[in-house]
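**Student:** As you go down the protein sequences, you meet chains R and U in turn. In terms of our numbering, the first sequence is residues 1 to 336. In terms of our numbering, the second sequence is residues 1 to 336.
Hints may be right or wrong, so weigh each one.
DSS-like cross-link-like pairs, simulated, lysine-lysine; straight-line CA separation at most 30 Å [claimed, not checked]:
#  : chain 1 : residue 1 : chain 2 : residue 2
1  : R       : K252      : U       : K148
2  : R       : K228      : U       : K87
3  : U       : K228      : R       : K253
4  : U       : K49       : R       : K148
5  : R       : K228      : U       : K17
6  : R       : K252      : U       : K228
7  : U       : K270      : R       : K253
8  : R       : K148      : U       : K228
9  : R       : K252      : U       : K277
10 : U       : K252      : R       : K228
11 : R       : K253      : U       : K252
For each label pair, taking beta carbons as the anchor points, the in silico distance ranges come out as [unchecked claim]:
#  : chain 1 : residue 1 : chain 2 : residue 2 : range
12 : U       : K252      : R       : E257      : 48 to 54 Å
13 : R       : M44       : U       : R174      : 29 to 35 Å
14 : R       : P83       : U       : E164      : 54 to 60 Å
15 : U       : R174      : R       : D167      : 44 to 50 Å
16 : R       : P47       : U       : T76       : 53 to 59 Å
17 : U       : E164      : R       : T76       : 18 to 24 Å
18 : U       : T61       : R       : K277      : 56 to 62 Å
19 : R       : T255      : U       : G89       : 48 to 54 Å
20 : R       : T76       : U       : R174      : 56 to 62 Å
Computed footprint of chain R on chain U, listed as stretches where at least three residues anywhere in the stretch have a Cβ under 8 Å from a Cβ of chain R [said to hold, decoys possible]:
#  : region
21 : 28 to 39
22 : 243 to 254
Derived by calculation from the structure, the hints in this document are not laboratory data. Don't be surprised by glycine CBs; every beta carbon is placed ideally from N, CA and C.
There are 2 protein chains.
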Amino acid sequence: MKEYNVAIVGATGIVGKEIIAILERRDFPVRDLRLLAAEQSVGMELPYKGEELVVQQLTETSFEGIDISLFSSGATVSQKFAPYAVKAGAVVIDTTSAFRMEPNVPLIVPEVNPHTLASHKGMIASPSCMTIQLVVVLRPIHTAARIKRIVVSTYQAVSEVGQEAIDELDRQVRSIFNHRDVVCQVYPHQIAFNCLPQIDTVLDNGYTQAEMDIVNETRKILGDENMKITATAVWVPVFYGHSASVNLETEKKITPEEVQFLLDEVPGVKVVDDPEKNVYPLAVEAVGEDETLVGRIREDGSLENGINLWIVTDNLRKGAALNAVQIAEVLIWGGE
Amino acid sequence: MKEYNVAIVGATGIVGKEIIAILERRDFPVRDLRLLAAEQSVGMELPYKGEELVVQQLTETSFEGIDISLFSSGATVSQKFAPYAVKAGAVVIDTTSAFRMEPNVPLIVPEVNPHTLASHKGMIASPSCMTIQLVVVLRPIHTAARIKRIVVSTYQAVSEVGQEAIDELDRQVRSIFNHRDVVCQVYPHQIAFNCLPQIDTVLDNGYTQAEMDIVNETRKILGDENMKITATAVWVPVFYGHSASVNLETEKKITPEEVQFLLDEVPGVKVVDDPEKNVYPLAVEAVGEDETLVGRIREDGSLENGINLWIVTDNLRKGAALNAVQIAEVLIWGGE
Chain R
1 MKEYNVAIVG ATGIVGKEII AILERRDFPV RDLRLLAAEQ SVGMELPYKG EELVVQQLTE
61 TSFEGIDISL FSSGATVSQK FAPYAVKAGA VVIDTTSAFR MEPNVPLIVP EVNPHTLASH
121 KGMIASPSCM TIQLVVVLRP IHTAARIKRI VVSTYQAVSE VGQEAIDELD RQVRSIFNHR
181 DVVCQVYPHQ IAFNCLPQID TVLDNGYTQA EMDIVNETRK ILGDENMKIT ATAVWVPVFY
241 GHSASVNLET EKKITPEEVQ FLLDEVPGVK VVDDPEKNVY PLAVEAVGED ETLVGRIRED
301 GSLENGINLW IVTDNLRKGA ALNAVQIAEV LIWGGE
Chain U
1 MKEYNVAIVG ATGIVGKEII AILERRDFPV RDLRLLAAEQ SVGMELPYKG EELVVQQLTE
61 TSFEGIDISL FSSGATVSQK FAPYAVKAGA VVIDTTSAFR MEPNVPLIVP EVNPHTLASH
121 KGMIASPSCM TIQLVVVLRP IHTAARIKRI VVSTYQAVSE VGQEAIDELD RQVRSIFNHR
181 DVVCQVYPHQ IAFNCLPQID TVLDNGYTQA EMDIVNETRK ILGDENMKIT ATAVWVPVFY
241 GHSASVNLET EKKITPEEVQ FLLDEVPGVK VVDDPEKNVY PLAVEAVGED ETLVGRIRED
301 GSLENGINLW IVTDNLRKGA ALNAVQIAEV LIWGGE
């Protein structure tokens, strides 16, 4: 079997470490694994298949001989270094927001739009975690009943921001329980035992970047530039696992039973829906799972053709690292 | 000034204690305050205006001489004992779900529908906390632009359930931080660092009781039996303060600026909306406030006439105790 030289940019970050674990777990055909990070992490050792790999400094010349380069160090790093990787002949799979909306960069969720991957010019983007968990569920419904409008409210876990946000929630909870003042460094307000209705910067239209990312990325991935979508994106005091309350209006009538039947067949999606027995998707149960969980599937009687859903996924795994590795798999083996 | 004999049923509960504090703070004209509770709380002392009042046992004969009786002990207790209070000549103001949808029982939010109070036959209901915070904001918008449809997703604090749920969230967080197993007694699943998309029992239509309460109570209070509403109600790991993401479709166009202008004038509502400066309603800031906070007011471009809102209130105060006391104030002094 052909093997590939793989670089991970941001290897010491929370998504980078998850990528290493997933490459190992899925037995991705790696010949050489090059771990790259900023200067302060150089020399760190990270485990891969029983070995300790030494983290090297990310520079403009880091990508010689690399076939596939996975970027997870934030948009600024991708913007600066991804072009050097492409120039060196590597295919870039970028998990940051840097290139997602570039017309020439395919934005890929392998279960949803693998066919658009072939058009890549060295650069492929992985969507934001919230978009990924939406589109894997919405794609089959859109195909079956044509979605006209989506209203989504999110319940997003702090780990999306990175280790520093996990530490902040942890520290704030301990402060409150020890009667000390709460200190806010990562978020502008207390996140412990609170909800923050602002994710990313606020744009001129009053929406946040995260909210418009959901709108624009969903349209791009589903290939429907006019799909009507509105979003409210909210941080909740959860460490891992993004949840979303999703309201759909469809052109064709589709019953909850038909939605469940459709989704039961979809790779990467698991229907978890027996609320009378307290069975529905939960953030704490999605963690460590590859699948996106969907439940609370019910008819919305306020519309002619309406459906409500509750969708949960591990934001670091399918929401970032796993999706990136799956893109690499489609790249080398082709789509399903 | 005329003074009234007031009874509080469930005086030792989380809402009961809040009612006592609010009667005192608002200087409600109380002649005699009778604190009533189940047998296990009899003899407890609770402070009121510098005195310690002794809790008495709730019985069928507890209401002799009482003018106003505030019930906050759960629906079963209200169902059993409220009729005795009415029979004894007291007006019952019930904060539980027991009588809210009874056609002969006015369901009152004093800022919204004080005029329907006069029709009472001894029994008045206070809505569920989530409904209260919605209708105080929706009423003026409905009057100005006629709301056609509401999509709401809630972020509800555990204190709605009572002290035992506060203790459960507290205990689970400590268990997790001390590497002990999480024990679930109040909720069917872990609430610490998790979201639970089930509030109250699940009905035949797939919705929970809490979701249908929002639908039915909002229709009743706004006096529009056909208003289209769909809700998803979710517990979040927050102690105090309910948040809600609300999407509105209106018949007439109304801009975010007009909504803000309208709401700025409404008693009981405070516009908190400057997201570029990180200013928006927060559960931790709503706690201890009488006002319902509203922000993130923005146009929903996915509709001809659409508005998104983020609405937060102290679920124990305006969501329960304050609203009940305000109903009593309208009763004795008349509506504004």
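**Student:** Quick check: which numbered hints come out false for this structure?
**Tutor:** The structure conflicts with hints 2, 4, 5, 7, 9, 12, 15, 17, 18, 20 and 21, although it agrees with all the remaining ones.
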